[in-house]
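Number of protein chains: 2
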Amino acid sequence: MYAERMGTIKNSAIRDILKLMSRPGMISFAGGLPAPELFPVKEIAACADAVLRKNGPAALQYSVTEGIAPLREKIAAMLDPGRTRLSAENVIITQGSQQALDLLSKVFIDKGSPVFTENPTYLGALQSFQLFQAKVTAIASDSGGIDLASLRKHLARQKPRFVYVMPNFQNPTGLSYPLERRKELAKLVRDHDVVLVEDDPYGALRFEGEGLPSLFELAEGRNVVYLSSFSKTIAPGFRVAYAAGDAELLKKLVIAKQGTDLQTNTFGQYIVNEYLESGLYQNHIDLVIKTYRGRRDAMLRALERHLPGSASWTKPGGGMFFWVRLPDDADTGALLKECITRNVAFVPGTEFFPDGSGKNTLRLNFTNAAEPDIEEGMQRIGKSLKVCGL
Amino acid sequence: MYAERMGTIKNSAIRDILKLMSRPGMISFAGGLPAPELFPVKEIAACADAVLRKNGPAALQYSVTEGIAPLREKIAAMLDPGRTRLSAENVIITQGSQQALDLLSKVFIDKGSPVFTENPTYLGALQSFQLFQAKVTAIASDSGGIDLASLRKHLARQKPRFVYVMPNFQNPTGLSYPLERRKELAKLVRDHDVVLVEDDPYGALRFEGEGLPSLFELAEGRNVVYLSSFSKTIAPGFRVAYAAGDAELLKKLVIAKQGTDLQTNTFGQYIVNEYLESGLYQNHIDLVIKTYRGRRDAMLRALERHLPGSASWTKPGGGMFFWVRLPDDADTGALLKECITRNVAFVPGTEFFPDGSGKNTLRLNFTNAAEPDIEEGMQRIGKSLKVCGL
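Note that the protein sequences, when read in sequence, are chains E and Y.
Sequence positions in the first sequence follow my numbering and run -17 to 372.
Sequence positions in the second sequence follow my numbering and run -17 to 372.
What the hints contain is simulated information worked out from the structure, not anything from laboratory work.
One should not assume that every hint holds.
As the list makes no split between identical chains, a pair holds if one copy fits it or if it spans any two.
Distance condition first, Cα-Cα at most 27 Å in a straight line; then the derived DSS-like pairs of lysine-lysine [as the list claims (entries may be wrong)]:
#, residue 1, residue 2
1, K169, K117
2, K319, K297
3, K272, K117
4, K234, K319
5, K56, K365
6, K319, K56
7, K341, K56
8, K233, K141
9, K169, K135
10, K1, K36
11, K141, K365
12, K365, K272
13, K93, K319
14, K1, K234
15, K24, K233
16, K368, K234
17, K233, K319
18, K233, K1
19, K141, K341
When you get a sec, could you build the whole thing from the sequences and use the hints?
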């Protein structure tokens, strides 16, 4: 007899689509995978070797649940260069940002607890919240993020355990919050004394313009838990990410983590720490940005070339995704089936809507295909659209 | 506002005691740490290098939730050398065995669901089950494991979501189930169609005698989920462990794992896989066994030398722990405080009793201290006992 929660959870469509990627000739815009050809494999090999020479046994042993101290120190310094607000106590290492969502769910969510999200929102977050049987309310969102009037209305009615947002290059839409929206949202959660979870896996991958302050900065840490990761800036295979926030709240996450997996893998933490010490990190991010910007531009050209006039899309200023909207009566689930016969894949947008809407939308990842493949893949999608009468 | 579950969960005493271990001069019998000086650091460095040369980008990229196929194949072959029952489909990789417990809790436990355990039982399992608000019933246990008459009585009254046992060198008692008890327990759970979770992190660390068949083997996989890990046989820092069982049940665990952490760290999985391919694994285990046997013997001699006649203890045939029983009115929590002033630590046994009993018991780890330190540490415990009037 299974737990009640298993009755409502389904297999992730994305993880299932990922399995198709190994098909020969498949061009996938479906995953959220970074470009593996950019991984600093040689530098990682040198770091792994250095770690084992310098810290051999310790890097392979059990370690503390909150994560190794030097890495937490470095993250605190990255988030607060002046070191006026944050110390290692304000940072814990998580097994990918996905685990931070699991731990937050454990700490905050009872069966039926209200949680507010953007609409659409990150599918993996929905899965996490659903495993804890949260009552997710998708707040109306526009091109500048969550709609504050709508959020205010919902906050007046009930206090959620937390509000979950992704203000930089959102997954799935690629959209970012302008400064004014950030300030107002930071003030709103403070005024209502509501916890805000700010998920920022892509903020470092900005292709143009100036970075905007995080909600975590604007709220001066109060009420905000900030999540980020080295999965997109170094490599996902280490599963090294972090949560930053109030030290007392993090202690709760640590207690939950003890019973969840004891600790994030020690070796991966040491390697990421060594890589940060090597001074190669910012140069590597610059290379990733340059490559992804070229791919973003290639996809933009291909969208203009191969999609019908009835389609519209975002132009992401960073991150990994385009978001495409087809006419209201389009069904991107059916389109995907047609596309898969042509060896091209994307994620149907409805997956990201807690309210099940968005059947006419789709998400395209542009970071995991070379520019010629982006053109070829979009051509295939264009043909599939025609076959589907779109 | 936190979730209800956080009201009942406390910080792990063991994880807290682990933090004291870095104190200079501290001799700790508290953790469950393998001996770091035995870690095959050079061989791991060679494996990490080989993995990055051969599978560079793939070993750093996202991968499937169930774990990389070659490693799952090898584990299936280890568990079923004849390959008559098991394939990769019957194995998933988990982030340490602790995560397997978390995933099993997610899949099986609703608030208030009954779960049966040994008494005493593994503290980390209790933490996991408590995070999901299980109603844990500790079944009377003796030197041969869970008491079957008592288990039968409880099964007649209610069906638990699962029964959790550790039949080899149990944590905390070091005791193992004899063959007859295994056979009867396997039959009992089949007759009652109850899921049995068999946790076996230490089975490979047998110091003498012949290994006995697992419950998983005896039950021919039916009703039994088998958990084991490379944490004790290679190194814990990779957090690479596994669950084996019915393919349909494992699919449920995979769905839960998607929302929990997407996947176990890819690099660690590749390294463990490479290490298994290197053919060094069994030789390494032999070295670990030889060393731990010597330490077990050293602790046995020291127990006889420094503990009063009123104390009794198990003689573990493998694994990592001694279990000591003091007179009924002893309080090992108070003893620990005295011991810590003398720079020696253990875990008070009451931590392992779901019913809060066992205040006169304590757990001693013998794998993480050299033989002279074992003698010195036990001498300090002996002095502390005298100070406490025991």
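Hint by hint, here is what the structure shows:
no. : hint        : in the structure
1   : K169 / K117 : within (24 Å within a copy, 42 Å between copies)
2   : K319 / K297 : within (26 Å within a copy, 62 Å between copies)
3   : K272 / K117 : neither (40 Å within a copy, 54 Å between copies)
4   : K234 / K319 : between (44 Å within a copy, 25 Å between copies)
5   : K56 / K365  : neither (49 Å within a copy, 43 Å between copies)
6   : K319 / K56  : neither (46 Å within a copy, 35 Å between copies)
7   : K341 / K56  : neither (43 Å within a copy, 42 Å between copies)
8   : K233 / K141 : within (23 Å within a copy, 35 Å between copies)
9   : K169 / K135 : within (15 Å within a copy, 59 Å between copies)
10  : K1 / K36    : between (38 Å within a copy, 22 Å between copies)
11  : K141 / K365 : neither (47 Å within a copy, 56 Å between copies)
12  : K365 / K272 : neither (30 Å within a copy, 66 Å between copies)
13  : K93 / K319  : neither (35 Å within a copy, 40 Å between copies)
14  : K1 / K234   : between (35 Å within a copy, 17 Å between copies)
15  : K24 / K233  : neither (37 Å within a copy, 36 Å between copies)
16  : K368 / K234 : neither (53 Å within a copy, 38 Å between copies)
17  : K233 / K319 : between (46 Å within a copy, 24 Å between copies)
18  : K233 / K1   : between (37 Å within a copy, 15 Å between copies)
19  : K141 / K341 : neither (30 Å within a copy, 43 Å between copies)
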